[in-house]
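Assemble chain Z onto chain Y, guided by the hints.
There are 2 protein chains.
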Amino acid sequence: MSSPDAKRLKTDDDDDAPYELIYWPGLPGRGELIRLLFEQAGVPYIDHTIDHTKTPKEARQTVFEYIDPDNIGDATNLPILAPPILKHGDLVLHQLPNILLYLAPRLGLAPKEGNGVFLLNQLVLTLLDGFVNEMHETHHPIATSLYYEDQKPEAKKRSKHYLEERIPKFLGYAQRVLHSEASGGETWLYGNKLTYADLVLFQCLDGTNFAFPESLKKLRESRHYERVFELYKRVKEQPNISSYLASERRLPYGDGIFRHYSELEKDVQIKLPEPRPATL
Amino acid sequence: MSSPDAKRLKTDDDDDAPYELIYWPGLPGRGELIRLLFEQAGVPYIDHTIDHTKTPKEARQTVFEYIDPDNIGDATNLPILAPPILKHGDLVLHQLPNILLYLAPRLGLAPKEGNGVFLLNQLVLTLLDGFVNEMHETHHPIATSLYYEDQKPEAKKRSKHYLEERIPKFLGYAQRVLHSEASGGETWLYGNKLTYADLVLFQCLDGTNFAFPESLKKLRESRHYERVFELYKRVKEQPNISSYLASERRLPYGDGIFRHYSELEKDVQIKLPEPRPATL
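Going down the list, the sequences are from chains Y and Z.
Position one of the first sequence corresponds to residue 6 (this note's numbering), numbered consecutively onward.
Position one of the second sequence corresponds to residue 6 (this note's numbering), numbered consecutively onward.
So here's chain Y without its partners, still in its complex pose (with noise of 0.2 Å):
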C-alpha cells in the first residue's frame, strides 16, 4: 500500500504507470468511452476486459473484488462503487466522467488547465446524460435489478418518449454547440480541435445507432443535425480510430447500456424541429 501523495497528480510523475481499464468483460459499455481516448492518442493501456490471459469468468472476478462491499480501498484510495474503474500506479479511480476527466489532459485531449478543462467537463457530462444515462433507462426505466422481459410496457412508453423529445433535444444541444464561437469552427466540438468530446459524441452517436437505428437515419436525413453526424464521420475517419473499429479490440454491442430491441421504436414518431438559419 502506498501512502497518499497529494501533488503527485499535478505533474506527470506517474507517466510511467501503465493504464489499467477494469470493466465488465464482453461488452462496450461505459468502459468504450475510456477504451476510445487511449487508442486515439496511441498510447498502450491494459484492458482486464478483453486480456486474453483471463477468462472472462477471470475478468469479471477483477470487477467483483473491487466493488465488494469489504473492500474500503486504502491510504490513498475511496472504496469502489461500480465499474468502470481505471488504476494508475497507486490511484484507483471510478466514475466514467470522472475517469475521462482524469486521462483526457494526460492524452493530450484537453487542456491541462484553465477554462476548458470545466468546459468540456460539462459537455462530456451532458452527452453523458443524454446519451448514456438516459438511454439505460430506456430498457431498465424501472429497476436495474429486473430483466427487460419484466419491465418491456414501461420500456417502450419511455422508449418513445426519450426517440421523440430527448434524443432530438441532446442532438440540437451538439448542434447549438457546433454552432458557437467557442467551438472555433464547425469541425470540433471545442476550441477548434479534436478533444475528448468529440470521442465521447461519437460513441453516443454510434451506440444510439446500434440500439435506435430506424429513428437515427430519420433524424440523420433531416438534416437538421448535419455538423454532429459529419463531426462522427470525421472521427470515424482518424486514422487510429479507423484501425481500432477494424480490430479485434473493438467488441461488439450486445446487452451493455446500448441494446438493440426493435419493438422500442415502433410506434415512435420523430417530430422535428422547425428548420433554423445558421446563427454563425
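Be careful, since some hints might not be right.
Any copy will do: because identical chains look the same in the list, a pair fits if it lies in one copy or spans two.
[To be verified] Once the Cα atoms are required to be at most 27 Å apart in a straight line, the calculated DSS-like pairs of lysine-lysine come out as:
1) Lys241 / Lys162
2) Lys222 / Lys174
3) Lys222 / Lys241
4) Lys62 / Lys174
5) Lys117 / Lys92
6) Lys92 / Lys174
7) Lys238 / Lys62
8) Lys222 / Lys162
9) Lys198 / Lys62
10) Lys222 / Lys161
What the hints contain is simulated information worked out from the structure, not anything from laboratory work.
This is chain Z only, laid out in the frame that chain Y set:
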C-alpha cells in the same frame, strides 16, 4: 464579450468577480447543492432565484434566455443546456457536478490539485447519481415532459425498487467510505476534514428525508448507516449551515427533485443487509 484566457482559472485572478447562481425560482432543487457551498464558506453570492429585486417570472426569464436554442454562448463560453448555471466573471458554466468541481477548491472546500480532486469528484458524482438523478426518476420514470399524475403506476413501481434496493446501496456506499482509511477517520468523507462532498451528502439525505420520511426513518433506526447519519447531523450543526437553514434563504421543498408523495412509500419493504462488523 471577453476573449478567452485559458490560464485565468489556474490562479485566483477572478476572485474579485461576484459569483452568480442562476436557477429556477421557488424550489431548492439542484441549485441548493451550490448554495450550501457558498453558505458554508461564508462567501457572498448573487442568487437570481431569490433575488428580491426580481419577480419569479423575471428570474425564470433569465434562465430561459440562457437555455434558448438561439443562445450559442460567446467566444469564451459554450451554450447552456439547463440550469443550474454559474456565472463568475466572464465564465458561464452549467452541469451541477461541474459547477461544484469549479467552486469547491476556490471556496476552500476541496484541494486545488492532486488525487483529492478526482477522489472527491467521483464521490460527488456517485452521491448525485444515487440521491438526485435516481430520485428524479422515482416521480418521473417515463418522461420529464409528463406530469407525475400521468405516470403514477410506473412511479410507484420504480419507487419501491429505489427504496428497497438503491437507497440502501448508496447509503451503504457512503458508510463504506466512512470506514475507509482514505476518509481519515469516520468524521468526514475524505481526508479528515469537511469538504464539499460532505455538504452534498447532507443535502442528499435532507432531500430524501423530505421525499421518503418513513423509509429513511427505518433505515436510520436500523443503525446500519450510523456514521452516515452522524455526518448528516455534524454538517447540520456547522455554524454557517445552521444559520443558513434557519434563514429565509433556505427555500422549502416543493415540486422539484425532492417531492413528497406518500403513496410512493406504501408497500415498501426495506430489506436490511446483515449487520457487518466495522472493518476499521
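Hint check results:
no., hint, verdict
1, Lys241 / Lys162, "neither (32 Å within a copy, 41 Å between copies)"
2, Lys222 / Lys174, "within (16 Å within a copy, 39 Å between copies)"
3, Lys222 / Lys241, "within (17 Å within a copy, 52 Å between copies)"
4, Lys62 / Lys174, "between (40 Å within a copy, 24 Å between copies)"
5, Lys117 / Lys92, "both (20 Å within a copy, 22 Å between copies)"
6, Lys92 / Lys174, "between (35 Å within a copy, 24 Å between copies)"
7, Lys238 / Lys62, "neither (36 Å within a copy, 43 Å between copies)"
8, Lys222 / Lys162, "within (20 Å within a copy, 33 Å between copies)"
9, Lys198 / Lys62, "neither (40 Å within a copy, 40 Å between copies)"
10, Lys222 / Lys161, "within (19 Å within a copy, 35 Å between copies)"
In terms of the numbered hints stated before, the structure departs from hints 1, 7, 9, listed from lowest to highest.
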